[in-house]
Structures are given as C-alpha cells and as structure tokens.
Amino acid sequence: MADLSTYRDAVSEGIAREMRRDPDVVCLGEDIGAAGGVFKTTVGLLDEFGPNRVWDTPISEQAIVGAAMGAAMTGLRPVAEIMFSDFLACCYDYLANEIPKMRYMTGGQVTVPLVVRTANGGGLGFGAQHSQAVENWVFTVPGLKIAAPSNPADVVGMMASAIRSDDPVVFFEHKGLFASKGEPAPSDHVVPLGEAVVARPGSDVTIAALASTVPLALAAADRLAADDISVEVVDLRCLVPLDARTVLDSVGRTSRLLVVEENPFQGGWGGTLVSIVADEGFETLDAPIRRVAADCVPLPFADALEDEVIPTVDKVVDAVRRLAAY
Amino acid sequence: MADLSTYRDAVSEGIAREMRRDPDVVCLGEDIGAAGGVFKTTVGLLDEFGPNRVWDTPISEQAIVGAAMGAAMTGLRPVAEIMFSDFLACCYDYLANEIPKMRYMTGGQVTVPLVVRTANGGGLGFGAQHSQAVENWVFTVPGLKIAAPSNPADVVGMMASAIRSDDPVVFFEHKGLFASKGEPAPSDHVVPLGEAVVARPGSDVTIAALASTVPLALAAADRLAADDISVEVVDLRCLVPLDARTVLDSVGRTSRLLVVEENPFQGGWGGTLVSIVADEGFETLDAPIRRVAADCVPLPFADALEDEVIPTVDKVVDAVRRLAAY
Amino acid sequence: MTVSTEQSAAVDAASLLDLYQQMLLIRETEKAAFDQFMSGKVKGTTHLAAGHEAVAVGASSALRDDDYVFATYRGHHHAIARGASPGECLAELMSKATGLCKAKGGSMHLTKADHNMLGSYAIVGAHLPIAAGAAWSAKLRGTGQVAVAFFGDGATNIGAFHEALNLASVWKLPVIFVCENNFYMEYTPIRSVTSVAHPAADRASANALPAEVVDGNDVVAVHEAVVRAAERARAGNGPTLIEAETYRHYGHSRTDPGKYRPEDEVAYWMERDPLRITRDRLGELGVDRDALEAVEASVAKTVRDAVEEALGAPDADPAEAFTDMWADGSATWRT
Amino acid sequence: MTVSTEQSAAVDAASLLDLYQQMLLIRETEKAAFDQFMSGKVKGTTHLAAGHEAVAVGASSALRDDDYVFATYRGHHHAIARGASPGECLAELMSKATGLCKAKGGSMHLTKADHNMLGSYAIVGAHLPIAAGAAWSAKLRGTGQVAVAFFGDGATNIGAFHEALNLASVWKLPVIFVCENNFYMEYTPIRSVTSVAHPAADRASANALPAEVVDGNDVVAVHEAVVRAAERARAGNGPTLIEAETYRHYGHSRTDPGKYRPEDEVAYWMERDPLRITRDRLGELGVDRDALEAVEASVAKTVRDAVEEALGAPDADPAEAFTDMWADGSATWRT
Ligand SMILES: Cc1ncc(C[n+]2csc(CCOP(=O)(O)OP(=O)(O)O)c2C)c(N)n1
Ligand SMILES: Cc1ncc(C[n+]2csc(CCOP(=O)(O)OP(=O)(O)O)c2C)c(N)n1
Ligand SMILES: [Mg+2]
Ligand SMILES: [Mg+2]
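Chains as they are written, first to last, in my numbering: chain A, 1138 to 1463; chain B, 1138 to 1463; chain C, 7 to 341; chain D, 7 to 341.
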C-alpha cells in the first residue's frame, strides 16, 4: 500500500499535476513562490515551473483576483491564492459583482476559467480575523462554483476539476485539515464538481457535512455506533453545484437529518440545504431537522472559548442522540 | 388625516429627526450633500445641519465605512451612505471583519455605534451590478444588526432606533419602495429593532416577508382572499435581531409557511429562518415549507427577464395556492 | 508627469476625416439613445458619452485590432469605437434579443468580445486590475497585445486604482490607463474630494508610471499620446497613465440636467466640442463643406437605420434569463 | 519627501534613559512571549516586534495621553508604549481571564481602550481609514487630539492605504501615518513587489501629504519626526506620513527562523539594534554602567513578575464566548 499523503501536500500535488498537463495554468499570490506559501501548500511549484508561471504578488487582494479575472478572460487558467479566506472580504467585489456575473451579463460572450484557492476555517486559535469558515460568503452569490474537499485524494481530484473548469471556482482548503493524512490520489485522479459521496453508510440518521465537519461527523458516527445508533455521513464536497439529490435520497432512507457546518448558524449554507429538504423531503421526515453550526459570535482567541463556538464531536454526538431518540 | 409620506422622504426625515436631537450624529457619503443623494434621500440635510455634519466623500467605499468606524469608536454616531448596496462588496472587509468583531475581540472595551445606509434591491432594470438584494451578504456575519423597513413610518421609526443603537446597524432602503407612500410617522416615532409585526392577520398560510416582499405578499394576500385563502403576512423588519418567535407563533396558528425573499435562493436569509421552523416548529407543520426567492442567476437587465428571476405577486400567489391545497 | 502642450502634429485630411466620422457616429448614436430613453423605449438607466468622443476614437485608432479594451458604465463610445454597430448597441438598450449582450447586460455593460472589447464595468475602478490581468496574460502569451482601461476621474480615489497601478508597474505590464477626466463624479466636482489637482496624472509617480495630461477633446492629441504609450508597452517598458481632460454634454445619467455645473463652465466646454475642433482643423486642411456634409449625411442615415433596426428587432426572450450562467450554457446550480 | 539626515538633536540623559527603559521593557516582554510560545503556554500565533522598539517608544513619547493609536497584529510594542502592562499583554497571549481582551482577542488584537490605544488589526491596511475616522472625529469634536496609525511596508500596496491618505489629505485630518518599514512582508522582500523605493514615503505626494523617511532604530529621530507631525496636525495643517526604517529581530511569526533574509543583512541590522544605539548615546551623555544596570535589573524583574502573574492567573472562562458581542453585553441574535 502506498504511503499516506497529507492534505497539505495534496494541494501542491494537485496544482502541479494540472500545471504539467496545461501550460496555460499560472499561479499568483502572496509568498507562494520562493516561500512555498505560508501554509506550505505551493512548495516546489516555483522550482518546477519557474517564475513565469508562479508569481509572488504584493499585498493587494483586489489586484490578485482582478488580475486573475483579466487573465482568465484572455486565454489563461490562473490559480490565485488568497492566503486566509477571511481576506476574501478584501476582494469581495470581484467574487460578488465581477467574476460570477461576467459571462451572464455579456450574454455568454466571455468565460472566466479561474480558481481562487484559500485557507479556510478555525480551531487553531488564530482569532476573529484569521479563523472564519466563510464558504457561506461566496454561497450568497450565484455564478461561482464552490469546492471544499475533506481528504487528500479529493483535494487532488477536485483541484483537477476546478482548474479544468471553464467556470470560476472558489476552492476552500481547510487549515485544520492540512496535517491530516489519507490515501494518496491515484494518477489522473479527477473528482467531478457537484457529486456528493456517502462517506459512511448508515440507517438511523443522516449527517450532511463539508470539509472539516466530515472527519468530525465520522468520529461522532464511530462513537454513536457504540450505542447502536447508525449514522450515514454524506460528504457534500461542493456547495455549488449542490448535490441535494444525494442528501434527499439519504434522508429518504433515514428520515432524519442533521447538518454539520463550521460557518455561523445565521446565514450558514446549512439553512439552504435544510430548506430544500423541508420542502422536497418533507414527507420522508420523522423528526425535526437540526443544524450544528458555529454559534453567532465572532471567533474568540482562546482555545477553550473557540471550542464553545465551533462544532465539536461532542456537540454532534449529542445532537444525533436527541434526533435518534425523537 | 395627515398627507401620506413617501418612503424616500421618510429616509431624510428619519435622519433629520436624529440629527436634531443628537449633535454627535454626522453623515458621510457620495453626493449626499449639495446633491441631496442620488436617490434624493438626504435632501435638506446639508442646508439644515451644515458642512460639519454632512460630508460629501470621494468614491472610496473603504474610506467611507472605515472612517465611520473610527469616528464611532471615538464618540460620534456616524451615518454612512453606500449608494447602492451592491457596493457593500467594495468595503466588505469592514462589514465582515472589522465592525462586527471590534467589541467582541477587545473583550468589550470598544463600541461601534454607526449606521451604514444603502439602497438595496431590484426591479428597476439597473442590471447585474446595481440591482441586487444583498441583505444575505451581511447576514452571514454575526455582530451586525440588520434593518430593512417596508413602509415610510417604519423607515423613520427604525432609523431612530438604528442611529440611537450602540451597536452597528446596516440599514437597507429598498430602491423599489422609494416612491411608495404610506402613513407618515408620528413625532418621536421609534420602532425597536428586532420586533416583527403581523402586517395582515390570516389563518391558512403564513408568509414571512421583508422590505420589498411585504407589499408583494400583501398584494398576493388580497388576490388569494378572493378564493377564500386567508394569508397571514409577517413583516420581519429586521434580520438581526431576528424575531423568529413571531414567525413560529404564526405558523403555530396556520401550520403552513412560505418565505418570500428577494435575495437569491442559494444563501438567502430564508434558509436560516426555514431551518429554525423546521426544527422548533416541526410539530406544528402540516405542509412542506416553501421559499419564493430570486432564482440563482445574476440579475438580467431587460425587465421581462428580471421579472423571471425576482419574486412577483404571481409567483407568491401560485406558491400559496399549492401550499394551501397540500 | 508631463503636460503635452505641443500642437498635435500634422495628420492628413483623409485619416482625420475618418476619425471625424467615427466621432460623429458616436455623437449621433448617443443622441438617439437619449431620445429613445425619453420616449420610454430605453429602460433602466444610461450614461451618455457625448463630449467624450475624442478620447474613444483617438485612443482606439492608435491600437491594434487585437488589443484589449475595458470601459466603464459610460462606455457606448468605446464599444462603437471598437466596432460595435449602433444597431446592436441601441438594441441592447431597448431590451432586444439582438442586443450586444442579448439584453442581459444593458447600457452599463456593453461588450464586444469578438473585437476584444472586453466589457463595460459598473463598479467604479473594478476593471483596472482586470485590465492589468489581461496585459499580464498578453505578456505571458507573448502576443504583443496591449490592454487599455478607460476610467473616470472619480475612479482615482478608490483602492483598486492604486493596486492596479502598482501591480502593472512592478510587473511591467503592457497596459495603458486612460482617465477621462470630465471634472465631475455624479453631481460632485472631483476637486472637492481629491487631494491633488490632476486626479489621475498626479498619482502616477507613486507607482513609477509615466503620465501625460492631454486635451481629451483633441482627437489627434489623444491618438498621439496613446501611440506613444502603446509603443512603450509593446517594447516591454510597462504601463503608462494618460489623463485626458474632457467634458460631458449630457448630465451624469438618465434625465439629469446637470444643473450643478456653472453655465459659463458649460459654455466654455461647448465651445471646445471635440466635433467642432475637428471640423475646424479639417477646414484648415482644406476639406470643404460638401465633404463634411457627405459624411454627416451618411452618419445620420446609419443611425436612423440603426434606430429602425433596433425598434424592429424582437424583444429578448424571457427564457434567456436562465441561460449562460455557466460555460455549458446552463444555469443549473443543484441536483 | 524629505530624508532627514540631520543628527537627532540633543536630548537630556534623564529622558533618554526613560525611553531606553521603555524600549527595554518591550524587548524583554517580547523575549518572554517567545519563550512562552516555545514552551506551549502561548497558543495560536505571535508576531514579535523586537527590533521595532524605537518606533513605538519614539512616537508614543511625542504624543498626548489622549491621542489615539492604531496598530497591527505586530502590536505588542505599541500596546506597551501606550501603557499596557507586560502582565496583561502576556496574560492575553496565554488565554487568561486577566488578559487585555479577556483572551478573546489574542496576540494580534491587543487593545488598551482606556488609554486610547484603539486596537491591533490583523487585516493588512484596514486600520488606516479607521484611524482617519478617529482623526475626523477629533477634528469635529474640537479636542485637539491626533490619531496615529502604525503599519508595515506591505500595507502600502493595498487599496485602503490610498483611500485613507486621500481622505485624510482632502479633509485635512489630524492623523499621522507611521510606516514601520522592516523591508519584508511575511517572507518576501517588499522591493520585489513594489514599484517605488520607499513604499510609503514615495506614495505620499500622490495625495499631497508631506513625508519623511527616518531612522526607525533611532528613538530620538522618530520622536522628533512625530513631534513635527503632531504639531502640524494640531495646527490644523493635516496629515503627515513618516516612513521609519527598521528591522525585525525574530522571524515574521511563531517559529519562523527568517532564513530568507541574507546573513550579512541580518548582521548589519543587529549592529544597529535600537537598544544598542540608545545605550551608546546614553554613554556619550555620561550615563554610567551602574545607571544602565539598575534600569536593566528593574526591567528584568518587572517582566519576570509579569510572567509569574500571567502564569498564575485564572484561565479565561469559556462562558465569556457568549458575552460582549452587543453593547448590552449579550450575544443574543434572535427570539
Ligand atoms: C464603487 C462604486 N461606488 C460608487 C458608484 C456609483 N457611481 C456610479 S458613476 C459614479 C461617478 C463616477 O465618476 P467618474 O469616475 O468621474 O466617471 P464619470 O461618470 O464622470 O464618467 C458613481 C459615484 C459605483 N458605480 N461604484
Ligand atoms: C489583507 C491581508 N492580506 C494578507 C495578510 C496576511 N499577512 C499578515 S502579515 C503579512 C505581511 C505584512 O507585511 P508588513 O505590512 O510589511 O508588516 P510586517 O509584518 O513586516 O510588520 C501578510 C501578508 C493579511 N493579514 N491581510
Ligand atoms: Mg467624471
Ligand atoms: Mg514589513
């Protein structure tokens, strides 16, 4: 069996594979070149592909993403890094008003094949401005595809799809997963965007999870198995395209749904998913639909406080128990 | 009976009332002074209060909202105008990372009593970058109060609460309602933030609405009354604080809920509201919960296309009919 | 920063007459757009460029056909200068299926991608980094193309302007930033909110860009400034900033009468109408009235026909609301 | 932009010794923070300011007690220079209830509001408009207060920097922008991504601000530059930009060894350690070893006690996670 790969190394591996097959793929971002990225997710790219394809930028988030957009409109496939996802707020105009609307408002004249990669999420004690799970920020805007892998093989396979996509993709890499290990991706591994996967089959309760909350849900499922509660864990993988079908089918079997998301409860993506199930899956439900999301406060610095706010295995276990007992 | 007032005039009236009672209230924004605002919502303020309290700014959304924040932290109560709500994307860092987190992350040392006013919403053929209903953008971020009045009296009363609030408030004025008329606000009219109101009582179906969708829901309710479908319309007035209780109580009576929102279905605020009802109100439900929201595309220019995308009375009537028949 | 005072060099009558015709085509199209707005056939809003014609035509005539152009919501003149027909522009404004953007963009977003006119942007300043990105792409692909971003004086106070200039300068990108300084934002004079006299040109040195202030109503002066900038760009010497001083003949948008502008100021600029300046110079070059009238007649007919064409075109199909969000032509976001 | 070469004027021994003591207090506190990070008592991240002490102490000593200070995530030195105790700073880093921000902010957000040290901001450049707003408020309230924003060289390429400078200049706000140019962003040299040699000072003229480049390791030079700027501001003459050249002694953050910096460059700057420079000048002024050692001993004890105090303090109460989002102390967002 091949050695396990880390989620962190899978990022640079996924980018490198696409840069090898397509010379139009170029990378830009802060400290991504010689430094290999502050999370070490672009290590080796400058050495292998040289300075014409790996560009260190100034601290200019608008210029980074804006330039990527202009390059994407004119024949390249840029991969832009925004160091922490919190900083998407500094270039949000491009994500909200420019990139997702360009093709539509020109009547289909222009495509914008770019990827904006960013380190997302908390649990590391980085405080209110460096710990947010902000996939819900971009989920408010139609016209962006949103990928958030939960394991190394998916990182590589979804990166391939993201970079090959003719549509813009925001690619969330979870800070808390960088050190995690998993099966390495086979060569030519491609995971289509918009296909959820049942990460663990079960019969009593469905958990819909994304990125960091997938391992959380799996850990909870292990513990719950001990008291004979059988949990099915759906790894959504993407928010757009959203594979609601897989969730509806699972709830059709379990008749109970818990959504576990790291972004805040207010405005979190789970609300949209719940609203689909509360409509189209209404007749299959035997219990209330519940969400374990971050509480509606900024993220505090101290670990003990941060754990109060973000989803934990304990909170998931507790929520599933109550649903199963309903 | 006093003459009716327009929603547009209610905005300047509401600001003027607070500027009269509190000398610390100052306004800043693009073209708000001599020009009286591009929507004529600040007419008369420069004349009455002078250039030390009404400041025309450069086209610098970050400086406008950032300066308002600094002023709010040091004893003033700034009211900043962002001309079109789409441009909140240009200063989103302040709305997402700075203003809502300041008090919390300093352990309560600092308060940020400011109001960011902005013209929100579509239906006027202004195209993809000047028509969005973006209340869901700020709803993703804990720490902001969110007001969105549906009628002239509420504009005045909620403006009073917003400006007097020691917490930051984003105040959405709906472009499509500016010309609409209603009862003028009595003197000293104050509407507390976070109190929804039953705009029309009914027994068969509850519609939860906000700002532009309130008149839409009321018009639908009129038409539905003709076929003996009794609709209760709840005007949420605010998204934060969210008066979920009033919605849950209404659904407790009607056992059917339709949420009508102008922002897109994906990531729209209705998802969060539905998720609360699908949990805490589950046992009161006799039918699926439905949402009429904007379709998940950018807003097209042509009226005929825009009407396809945003909520209309026809769409609401149709959705209620199907719910009532369920 | 240099202020080019030099009389714009000799240009032969034939080519100047051609520039005149293009400017006139824009002017007449804008008049038609205004009339159609007034008669209710154009919905939403318009930002007319009458008065700015010399900037668009002077710059465009200095570019290669495959160069990239990025404009603002006030962009009809740039679309036409890059080859969009008055008919397809007016059809877009009138919500017709034959519009440049199938009536999904509207007046603020005219785009003619097959001519590398890559869009009109309605968020002030947002397109400056995008244009830098197109220039970066041209540089990487080695095509020798140049990207030109047109923007207003008001855009010089927004952050994206600074970020774009620094990136373009440090990466030596083949991009030309052309400010159409018409001295006003919407209703507020730029000088009242700007720390320097030349809102664009006085900012160039902060990012080591060469800058020129030119008479934006002198089509030849604009043409020559852009020729110089394009040469620098293609030679690998990086970006240039040009501040072209001009004036709008209509208000900011829709029915704005522009009353916030002093009458004498308006009168001064009407005197300096770019069409009149060009007509005078054509006279000096010996082009007679008949030649001018021939041009004027043909332009008038072109625009009359364009209006008819647009009015007669089929309305946009509502079903188009659900196409072309994704590259596959669909707008599906979930299973 | 002026580069002040003038030898910093005479300053009496007593006051210089006081500045030395403050700088030393910062240095020793940063050392303690590093040790505690290494021993696992400090979680998350830290950005230490060792090497930057002269900027904080030189500037702070030129200000009124009620002036406003805004810092970055690299802000321990500014918090201490404005009167935060090493104990409350270290307690914050160690997630203690007694921390400056009750352990809800952390190293990147040290704030001492009762001294008008109005926060440390971790989004590069974001605090520049905020500081301008505080200055605007002081101007409107007629208090004569000045606002000072400290920021890094890397912040000069972000849009908010340009917007803040223009607004401050055109509104003549009493704000001082102090760039701590340590020649690096995180791991990348500022010169490799910046179009001008002095990332801050060379941008000042674009918004008509007077600018000075000063030796950021010379506490007296910084002090005098800020005195001049504060006088201008209080006299109603508007903002000033100061670029103070300095160097960090640790890496960018956490355990970064800073290997991307050439050894000779590091050696050159270690030679120019602000503490050593000040010690030498104190010697010239006749302050003897004993006096210095007395100061060093008292500072060492202060910091030792601070570490004990912080280590012994109670951990932050998890219930604090749900307080102080709103002004009423609560965190309730719905009924
Ligand atoms: C970021 C942003 N802020 C504000 C506006 C609203 N707005 C549209 S045009 C305009 C004035 C722009 O002035 P200028 O750049 O000089 O261009 P002009 O209209 O004079 O051609 C403003 C403020 C906008 N579209 N985008
Ligand atoms: C908008 C934004 N982009 C990127 C970062 C990540 N980041 C944190 S510190 C830093 C380097 C800043 O360099 P400089 O301004 O010179 O300050 P220094 O750390 O050298 O004191 C970067 C890129 C950030 N915090 N904010
Ligand atoms: Mg202008
Ligand atoms: Mg630095």
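Hints are computed from structural coordinates only; laboratory data are not their basis.
Please note that the accuracy of each hint is not assured.
Claimed, not checked - Straight-line distance between alpha carbons at most 27 angstroms, and here's what the computed DSSO-like set of lysine-lysine pairs gives: (1) C:Lys47 / C:Lys307; (2) D:Lys47 / D:Lys307; (3) C:Lys37 / C:Lys307; (4) B:Lys1318 / B:Lys1177; (5) B:Lys1177 / C:Lys307; (6) B:Lys1452 / C:Lys265; (7) D:Lys265 / A:Lys1177; (8) D:Lys47 / A:Lys1177; (9) C:Lys37 / C:Lys265.
These numbers come from a predicted model, not from an experiment.
Here is what the structure says about each hint:
The straight-line distance between the Cα atoms of Lys47 of chain C and Lys307 of chain C is roughly 20 angstroms, inside the 27 angstroms bound, and the hint therefore holds. For the given pair, Lys47 of chain D sits about 20 angstroms from Lys307 of chain D by alpha-carbon distance, which is consistent with the 27 angstroms threshold. Pair hint Lys37 of chain C plus Lys307 of chain C holds up; C-alpha atoms about 13 angstroms apart against a cutoff of 27 angstroms. Between the alpha carbons of Lys1318 of chain B and Lys1177 of chain B the distance comes to roughly 15 angstroms, so the proposed pair stays at or under 27 angstroms and holds.
Using a Cα cut-off of 27 angstroms, the hinted pair Lys1177 of chain B and Lys307 of chain C is violated, with the two alpha carbons roughly 40 angstroms apart. Between Lys1452 of chain B and Lys265 of chain C the alpha-carbon distance is near 42 angstroms, which puts this suggested pair outside the 27 angstroms criterion. Restraint check for Lys265 of chain D and Lys1177 of chain A: the C-alpha separation of about 15 angstroms stays at or below 27 angstroms, so the hint holds. Simply put, Lys47 of chain D and Lys1177 of chain A have alpha-carbon atoms about 25 angstroms apart, close enough for the 27 angstroms limit, and the pair holds.
Between Lys37 of chain C and Lys265 of chain C the CA atoms are separated by roughly 19 angstroms; this keeps the pair inside 27 angstroms, and the hint holds.
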